[in-house]
Amino acid sequence: MKVRININGKWIEEETTPSEKLLDFLRRLGYKSVKAGCREGDCGACTVLFNGKPIRSCLMFVLQADGATIETLEGITPEDGLHPIQKAFLEVGAVQCGFCTPGMILTTKALLEKTKHPTEEEIREALKGNLCRCTGYIQQIEAVKKVVEENE
Amino acid sequence: MNSIGKSIPRVDGDVLVKGNPLFVDDIDIKDVKFAKIMWSPHAHARIVDIDTSEAEKLPGVIDILSYKNVPRIPHTTAGQGYPEPSPYDAFIFDKKVRYAGDRVLAVLADSEEIAEEAISKIKVKYELLPPVFDTEEALKGEIIIHDEPEIKGAYDPSHNIASSVEVEIGEKEIWERQEVIAESEMVLHYGQHVPLEPHTVVTYFDEYERLVIISSTQVPFHIRRMVSILTGLPQSRIRVIKPRIGGGFGAKQELVLEDIAAFFTIRNRVPVRITFTRAEEFISSRTRHPMKVKVRLGGDKKGNINAIEMIALSNAGAYGTHSGTVLYNVGSKTLPLYNKATYVRFSGKAVYTNLPVAGAYRGYGAFQGFAALETAVDIFAEKIGMDPLLVRDKNHIREGETSPIFKALGEGREGTEQIIGSCGLEEVIKRGKEAIGWEKRTKERDGYGIGMALSMQGSGIPLIDMASVTIRMNDDGTFFIYAGATDIGTGSDTLLAKIVADELNIPLERFKVFSSDTDFTPFDTGAYASSTTYVSGNAAKEAAKKIKAQLIQVGSKMLGEPEDNLYIEGDSVVSKITGKEVTLREIGVRATYNNEQFQIEANASYVGEVSPPPFAAHFVELEVDKTTGLIHILKYVVAVDAGTVINPKLAEGQVLGAIANGIGYAIMEEMKFDKKGRTINPSLISYKILSTEDMPPTEVIFVDTYEPTGPFGAKSIAEVCIDGPIPAIANALYDALGIRLFSTPFTPEKVLFALKEVER
Chain E
0 MKVRININGK
10 WIEEETTPSE
20 KLLDFLRRLG
30 YKSVKAGCRE
40 GDCGACTVLF
50 NGKPIRSCLM
60 FVLQADGATI
70 ETLEGITPED
80 GLHPIQKAFL
90 EVGAVQCGFC
100 TPGMILTTKA
110 LLEKTKHPTE
120 EEIREALKGN
130 LCRCTGYIQQ
140 IEAVKKVVEE
150 NE
Chain V
0 MNSIGKSIPR
10 VDGDVLVKGN
20 PLFVDDIDIK
30 DVKFAKIMWS
40 PHAHARIVDI
50 DTSEAEKLPG
60 VIDILSYKNV
70 PRIPHTTAGQ
80 GYPEPSPYDA
90 FIFDKKVRYA
100 GDRVLAVLAD
110 SEEIAEEAIS
120 KIKVKYELLP
130 PVFDTEEALK
140 GEIIIHDEPE
150 IKGAYDPSHN
160 IASSVEVEIG
170 EKEIWERQEV
180 IAESEMVLHY
190 GQHVPLEPHT
200 VVTYFDEYER
210 LVIISSTQVP
220 FHIRRMVSIL
230 TGLPQSRIRV
240 IKPRIGGGFG
250 AKQELVLEDI
260 AAFFTIRNRV
270 PVRITFTRAE
280 EFISSRTRHP
290 MKVKVRLGGD
300 KKGNINAIEM
310 IALSNAGAYG
320 THSGTVLYNV
330 GSKTLPLYNK
340 ATYVRFSGKA
350 VYTNLPVAGA
360 YRGYGAFQGF
370 AALETAVDIF
380 AEKIGMDPLL
390 VRDKNHIREG
400 ETSPIFKALG
410 EGREGTEQII
420 GSCGLEEVIK
430 RGKEAIGWEK
440 RTKERDGYGI
450 GMALSMQGSG
460 IPLIDMASVT
470 IRMNDDGTFF
480 IYAGATDIGT
490 GSDTLLAKIV
500 ADELNIPLER
510 FKVFSSDTDF
520 TPFDTGAYAS
530 STTYVSGNAA
540 KEAAKKIKAQ
550 LIQVGSKMLG
560 EPEDNLYIEG
570 DSVVSKITGK
580 EVTLREIGVR
590 ATYNNEQFQI
600 EANASYVGEV
610 SPPPFAAHFV
620 ELEVDKTTGL
630 IHILKYVVAV
640 DAGTVINPKL
650 AEGQVLGAIA
660 NGIGYAIMEE
670 MKFDKKGRTI
680 NPSLISYKIL
690 STEDMPPTEV
700 IFVDTYEPTG
710 PFGAKSIAEV
720 CIDGPIPAIA
730 NALYDALGIR
740 LFSTPFTPEK
750 VLFALKEVER
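Sequence order for the protein chains is E and V.
Taking numbering that gives the first Met the number 0, the leading residue of the first sequence gets 0, the next gets one more, and so forth.
Taking numbering that gives the first Met the number 0, the leading residue of the second sequence gets 0, the next gets one more, and so forth.
No lab work stands behind these hints, which were simulated from the structure alone.
Among the clues, some could well be false.
Stated by the list, open to error - Simulated crosslink set (DSBU-like; lysine-lysine; CA at most 30 Å straight-line):
id, chain 1, residue 1, chain 2, residue 2
1, E, Lys-86, V, Lys-339
2, E, Lys-113, E, Lys-86
3, V, Lys-687, E, Lys-127
4, V, Lys-674, V, Lys-94
5, V, Lys-151, V, Lys-406
6, V, Lys-56, V, Lys-122
7, V, Lys-648, V, Lys-293
8, E, Lys-127, V, Lys-406
9, V, Lys-671, V, Lys-575
10, V, Lys-511, E, Lys-115
11, E, Lys-52, V, Lys-382
12, V, Lys-749, V, Lys-382
13, V, Lys-291, E, Lys-127
14, E, Lys-86, V, Lys-511
15, E, Lys-20, V, Lys-687
16, V, Lys-5, E, Lys-144
17, V, Lys-674, V, Lys-575
18, E, Lys-20, E, Lys-127
19, E, Lys-52, E, Lys-9
20, V, Lys-439, V, Lys-429
21, V, Lys-291, V, Lys-122
22, E, Lys-115, V, Lys-648
23, E, Lys-113, E, Lys-127
24, V, Lys-648, E, Lys-145
25, E, Lys-144, V, Lys-29
26, V, Lys-124, V, Lys-671
27, E, Lys-145, V, Lys-674
28, E, Lys-86, V, Lys-5
29, V, Lys-95, V, Lys-67
30, V, Lys-393, V, Lys-439
31, V, Lys-749, E, Lys-127
32, V, Lys-687, E, Lys-144
33, V, Lys-29, E, Lys-9
34, E, Lys-145, V, Lys-151
35, V, Lys-749, E, Lys-144
36, E, Lys-1, V, Lys-29
37, E, Lys-127, V, Lys-625
38, V, Lys-5, E, Lys-113
Model, not experiment: these values are computed from the prediction.
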């Protein structure tokens, strides 16, 4: 069966099956920034923006995304240079292995679209579903604060 | 360029932050087939028969591997220098399974779903054997886990002893003269590394019919050697590629999947992919060694520690990979800290049980040793009524000093003497004390407390870990750095580039680092034992010196000036006499195309003769809710002496990550088993690691020292900080509530239970 999904600003029509997960679908189409860390909805590495909201693509069937707008990290990366969130993550050392980074950045983007000046508590609350084993989170929180400051 | 000590973003950061397809699973391989492994449901059993007939009928099933069709070669899965110090007690597939989660067989199919369906149709007949889960029970030898005659290198398989160590320095009569005895026995639980990227591998034959293994590994060269030995293919026909890796922490210092994928590819001439599920990562990769560590200190009321005894009983799980080396490190990486003691005894055993396999894990024994040692020191201080900082100050090792332990204990064998060339312990204690506000400590047991602990580690394994780095210049004056050193997210590519750029005084942007590909990067033991900064860093610096000589040599001819007049700055070789200069590009063009042509290229290897320890002081301020028993860490301060810090932002990330992992293990993470030895919480919802909401505010302080043998004075940073959270939190809990917890993790239940005991 066919679905029609807007991925990173482009509508596509693509074959899928009732059991195919959005994670596998996106990776199959080449959106490899969407990472499979647990496939159980616990780690957040597969986070994408679904109509602007961060969701776990490993828990969603492709059919549920029919007609929806999906954004992956590929979609927010400019052709030249980096998105301000990407830049901040890189500059403060918030990227170590980089496996959780795409999900973290997308969650941050959704947070900052909703809340322009999040408190540290709000940042921690927003990112709590994106697990990271390398960094201890302090630098990611710092990165989000840096983006907020630079937006001023 | 003088970039040492200044923070720069990681050199692979821009591509990582864009989410480029850099990881094993992101690399699409045409017509790849998928393998799944059948895991033993039983903790201890013999396989009587395997009936695969139904599975073979399933369309899409390609091949099935089991003990019936692979060679029986005893080996260790530990990715260590060769010959490995770990016992040879593992087989690709065996007729016996030794834990619930052990390999039984593997199926190759067109898809993972078909492979899984095939596994469900395979009938395995087991003869169940009684399992043993407790180390002390196992030592009785009533149940023997490794009864295979081929086992090699295990200490005493008939009593399930994988490894054993016994070292005594000084006269034990000294104990009779001690005014104060303090003891701590810490029982440490099963914990898992939880790299965000699970183990994953893809194998295929290239157009030259060579076996290519793209693997999420910390040890590409060891993997090549092990796969060569197991498959019979010479190393010249195997290529191991390590792309970007999603974390390792020791779990990937192992042969976990590569042998199975290799056999399937060789037998069927097809590309093969195997990726662990999260549950498989928990149960069937590797864990930290659970351990009982008992420390007894003898001293006087003035605060002198004169005698130390440490006894460790380590649970190896079903196989002895890393069991001896981790065990040795419990003592070797901790006991030198208090080198004023004239009597030191270390005794340990690593014991097989029918539980998941323990392996390498950041901290590697020192983690377990310090949990007991640093709580014992706190108890000692309490007994004599002295500030624990003062006790440590009186007894800790200092620059210019040594410890007999360095010689007596190595990694699974005797060690190497060393005199401490750099030690910032006084400074880390002082700075940490100020930052936490040590004077806020009170005698009140009101739930608010401050505690601290020290830790140290090493920098590589002396006389064993070898690293090699090759630098090559292109004719436009840019460079490639080929490093066997395995960046697994640690930032070692960045660090090596900085060291080379700084030594040459050439801008960092001109260097591109490749790590690691066994076909064209030179040998490196891999990313483990806190070795990369020190061992690989020294190799990089030596290679850069050779490149410098070549550049000056060509420059000298081009400028017509003696070599001694010349130096490198920025993009040019410059004469300090005439001020004339020639660019790197011009040098490259001449050397490549014009006169006396040669490839500007150099290689250097390095083996450490010593393993300079980094040091850290950990301070925890916490509050305990007396009604729920919940520990709330208000602030964590860690002051670190890592020698010269090459790249502070990335080093800080290493420290913070280690602290987070250490806190997680100390208070919330735990693998649990049912009565049959089956893991009951193999998921991230039931095995809790820290999230953003759990990570306490943490202050990282670097104290500058200069290690004379390190590159630009640097020592390691990777492991030393994970060793502190357990004892620091335990000591803070005592300060807060007057309770001593001797069993990790420090859960609310244990806190409440201990509180009831105290109140009684």
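Here's how the hints hold up against the structure:
| no. | hint | in the structure |
| --- | --- | --- |
| 1 | E:Lys-86 to V:Lys-339 | 50 Å, violated |
| 2 | E:Lys-113 to E:Lys-86 | 20 Å, holds |
| 3 | V:Lys-687 to E:Lys-127 | 12 Å, holds |
| 4 | V:Lys-674 to V:Lys-94 | 23 Å, holds |
| 5 | V:Lys-151 to V:Lys-406 | 26 Å, holds |
| 6 | V:Lys-56 to V:Lys-122 | 14 Å, holds |
| 7 | V:Lys-648 to V:Lys-293 | 37 Å, violated |
| 8 | E:Lys-127 to V:Lys-406 | 46 Å, violated |
| 9 | V:Lys-671 to V:Lys-575 | 68 Å, violated |
| 10 | V:Lys-511 to E:Lys-115 | 38 Å, violated |
| 11 | E:Lys-52 to V:Lys-382 | 57 Å, violated |
| 12 | V:Lys-749 to V:Lys-382 | 24 Å, holds |
| 13 | V:Lys-291 to E:Lys-127 | 33 Å, violated |
| 14 | E:Lys-86 to V:Lys-511 | 20 Å, holds |
| 15 | E:Lys-20 to V:Lys-687 | 25 Å, holds |
| 16 | V:Lys-5 to E:Lys-144 | 22 Å, holds |
| 17 | V:Lys-674 to V:Lys-575 | 76 Å, violated |
| 18 | E:Lys-20 to E:Lys-127 | 23 Å, holds |
| 19 | E:Lys-52 to E:Lys-9 | 18 Å, holds |
| 20 | V:Lys-439 to V:Lys-429 | 15 Å, holds |
| 21 | V:Lys-291 to V:Lys-122 | 39 Å, violated |
| 22 | E:Lys-115 to V:Lys-648 | 27 Å, holds |
| 23 | E:Lys-113 to E:Lys-127 | 16 Å, holds |
| 24 | V:Lys-648 to E:Lys-145 | 15 Å, holds |
| 25 | E:Lys-144 to V:Lys-29 | 43 Å, violated |
| 26 | V:Lys-124 to V:Lys-671 | 27 Å, holds |
| 27 | E:Lys-145 to V:Lys-674 | 50 Å, violated |
| 28 | E:Lys-86 to V:Lys-5 | 18 Å, holds |
| 29 | V:Lys-95 to V:Lys-67 | 12 Å, holds |
| 30 | V:Lys-393 to V:Lys-439 | 22 Å, holds |
| 31 | V:Lys-749 to E:Lys-127 | 26 Å, holds |
| 32 | V:Lys-687 to E:Lys-144 | 26 Å, holds |
| 33 | V:Lys-29 to E:Lys-9 | 27 Å, holds |
| 34 | E:Lys-145 to V:Lys-151 | 56 Å, violated |
| 35 | V:Lys-749 to E:Lys-144 | 37 Å, violated |
| 36 | E:Lys-1 to V:Lys-29 | 24 Å, holds |
| 37 | E:Lys-127 to V:Lys-625 | 26 Å, holds |
| 38 | V:Lys-5 to E:Lys-113 | 35 Å, violated |
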